[in-house]
Structures are given as C-alpha cells and as structure tokens.
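Same order as they appear, the protein sequences are chains Y and F.
Just so we're aligned, residue 11 is where the first sequence starts under my numbering, counting upward by one.
Just so we're aligned, residue 259 is where the second sequence starts under my numbering, counting upward by one.
No wet-lab data here; the hints were simulated from the structure.
Given the structure is predicted, the values throughout are model-derived calculations rather than measurements.
Virtual Cβ for every residue (Gly too), placed ideally from N, Cα, C.
Don't take each hint at face value.
Unchecked claim - DEER-style ranges, computed between Cβ atoms:
{"hint": "1", "chain 1": "F", "residue 1": "L361", "chain 2": "Y", "residue 2": "V116", "range": "19 to 25 Å"}
{"hint": "2", "chain 1": "F", "residue 1": "Q261", "chain 2": "Y", "residue 2": "I103", "range": "42 to 48 Å"}
{"hint": "3", "chain 1": "F", "residue 1": "V271", "chain 2": "Y", "residue 2": "G13", "range": "47 to 53 Å"}
Claimed, not checked - According to the in silico footprint, chain Y covers these stretches of chain F (three or more CB under 8 Å from chain Y):
{"hint": "4", "region": "264 to 272"}
{"hint": "5", "region": "285 to 294"}
{"hint": "6", "region": "348 to 362"}
{"hint": "7", "region": "366 to 375"}
{"hint": "8", "region": "392 to 400"}
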Amino acid sequence: MEGIPLAAYLSLGAVMFAIGALGVVIRRNPIVIFMCIELMLNAANLTFLAFARYHETPLSRIIDPNDTYMTGQMAVIFVMAVAAAEVAIGLGIIMAIFRSREEIDVDKLNLLRG
Amino acid sequence: MSQNLVLFVALAVVVVVSAVGVIATRHVMRSALSLVVNFFTLGILYLGMNLHLIGIGQILVYTGLIMMLFLFCILLLNLGAPQMLYERSPIKVWAAVLVSGALIVIVLSQVFLPMTGAIETTAPDDYGRVRTVGNWLFNKWVYGFEISSVLLLVGIVGSILVAKRRG
Numbered sequence: 011m012e013g014i015p016l017a018a019y020l021s022l023g024a025v026m027f028a029i030g031a032l033g034v035v036i037r038r039n040p041i042v043i044f045m046c047i048e049l050m051l052n053a054a055n056l057t058f059l060a061f062a063r064y065h066e067t068p069l070s071r072i073i074d075p076n077d078t079y080m081t082g083q084m085a086v087i088f089v090m091a092v093a094a095a096e097v098a099i100g101l102g103i104i105m106a107i108f109r110s111r112e113e114i115d116v117d118k119l120n121l122l123r124g
Numbered sequence: 259m260s261q262n263l264v265l266f267v268a269l270a271v272v273v274v275v276s277a278v279g280v281i282a283t284r285h286v287m288r289s290a291l292s293l294v295v296n297f298f299t300l301g302i303l304y305l306g307m308n309l310h311l312i313g314i315g316q317i318l319v320y321t322g323l324i325m326m327l328f329l330f331c332i333l334l335l336n337l338g339a340p341q342m343l344y345e346r347s348p349i350k351v352w353a354a355v356l357v358s359g360a361l362i363v364i365v366l367s368q369v370f371l372p373m374t375g376a377i378e379t380t381a382p383d384d385y386g387r388v389r390t391v392g393n394w395l396f397n398k399w400v401y402g403f404e405i406s407s408v409l410l411l412v413g414i415v416g417s418i419l420v421a422k423r424r425g
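Chain Y on its own, in the form it takes in the complex (with noise of 0.2 Å):
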C-alpha cells in the first residue's frame, strides 16, 4: 500500500499500545492482562516496521546503509520469538497458581511462595 503517510502507522502503534497500557491496569485477570501485553509488543512491532520501511536511521553510521529497511524487520522477528517464550512461562505460572490457591485474581496474589 503505497501513499499512506507514516504518522498514521505511528498513531495506529500509539493508540493500541495506550489501549493495552489501559488493560493492564483496569483489568484484575491475569491472562487479560496478558492479552494486554501481546497488544502492547504488537504496537510496537507495528512501530519498528513502519519506521523500518520510511525512515532513513540516524544510526548509518554504525550500521551499514544498506541495514536501514532491515533491522526493524530483525527486532520484530527476536520480539515474536520472545513473546512466544514468554506467554508460554506466564500461563505455565498462571496454571501453578491456580492449582494451588484456586483464585487468580492478581490483586490478592501478594506473596512469592505459595
């Protein structure tokens, strides 16, 4: 899709990762606020490819200009493999949780120890 300007990319990155931000801290379920934080590595995600596909980074020195449209595709691929890594150890704790105290709401879960 060619002729759509790059601020509307970022803005559409902003108001999802302002929406997951707002999840996070009005929702009391713990795999919401999971959810919430997969929308917040999305919008960011959706920022890096954006700005890896109109931008020039300032950073030609160091990196080779010929890097520039690809490192944003570079950190969007280490960043879903570390999403995959982490929803995997959050609901494996969620499920431990759960099984040994039988609730999950997150603001009676205040000690470290079961």
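Start from chain Y and add chain F according to the hints.
Then chain F, alone, in the frame of chain Y:
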C-alpha cells in the same frame, strides 16, 4: 482520499475496535476472540506493507501459537463469566483512562510534527520477501538467531518445570 488510504483506515478501525474489545468485554473468551481478530488484521496490514515473511509469521505465531495457548489455558482453568475480575473503584479506572489518554497525546505530539513529511517509502519493494529476510537473518543476525533459539529452549524447559511441579 486515495484508495489505499481508505483501505488503511478500514483496517485501522478494525484493529482499534478489536483492541478495545479485548479490554472492554467481561467474558475472557470474548477478549481472546477479539485478540484473534486484532492479530489477524495486523497480519493483513503487514502484508500490505510488502512484508511477506513478517505478515505470514504474525498470522502463524500470534493467531496460531499464542492464541492457541491462551484458549487452552482459559478452557483448562474454566474461567467463565462468574469471575468478574474488573477494577471496581471507578476513580482508579478514570485515572487509568486519563493516563493512557495523556500517553497518546504526548507521544503523538512528539511524533506527528516531525514525521508528517514522510509519505513516500524509502525501502525497496522486495525488502520483506522470504529470500531477503532469510539472507539477513542467517548472515548478519545469526548470533541473535542462535541466542533466541536458546531462549526458546529455556522457555520450553521452564514451562514444563513450572507446570509439572508437585507440592
């Protein structure tokens, strides 16, 4: 308003509405399904930016893997409608809405003015193809690739260890 801009606005509206749906619905399952819509629409958006590998990866990794884990966890834990886990004091909710609104305003006020000139893309058309990305990933970024594979291995072992512990 060009045709592409209309398409972008339509996709962006779907993205924002489904993101609001994640935090606004009371049922966990509906949140998860709106998150599926959100990720899928973002994948279409990436494909529209000529990012073939990332777009497919978004659909596969997020709507395939991560949402499968979420749905599995929700169904296994039986977190249905009875648990209305909402923030109950309205003052905190409004404070949170205010803070995130201020976040949007601050970020956009810093971003919009310097970036309004950027309308033409500078990247070549084939920068998102599988061949190009694979070349970069396995040549210049191979250390990061290997480290992330170690991270995933630690994640596999750790999640099994956490989930299987007895007592």
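Hints versus structure:
no., hint, result
1, L361(F) <-> V116(Y): 19 to 25 Å, "holds, 21 Å"
2, Q261(F) <-> I103(Y): 42 to 48 Å, "holds, 47 Å"
3, V271(F) <-> G13(Y): 47 to 53 Å, "violated, 18 Å"
4, 264 to 272, "holds (count 3)"
5, 285 to 294, "holds (count 4)"
6, 348 to 362, "holds (count 9)"
7, 366 to 375, "holds (count 5)"
8, 392 to 400, "holds (count 4)"
In the structure shown, a violation is registered for the earlier hint numbered 3 alone.
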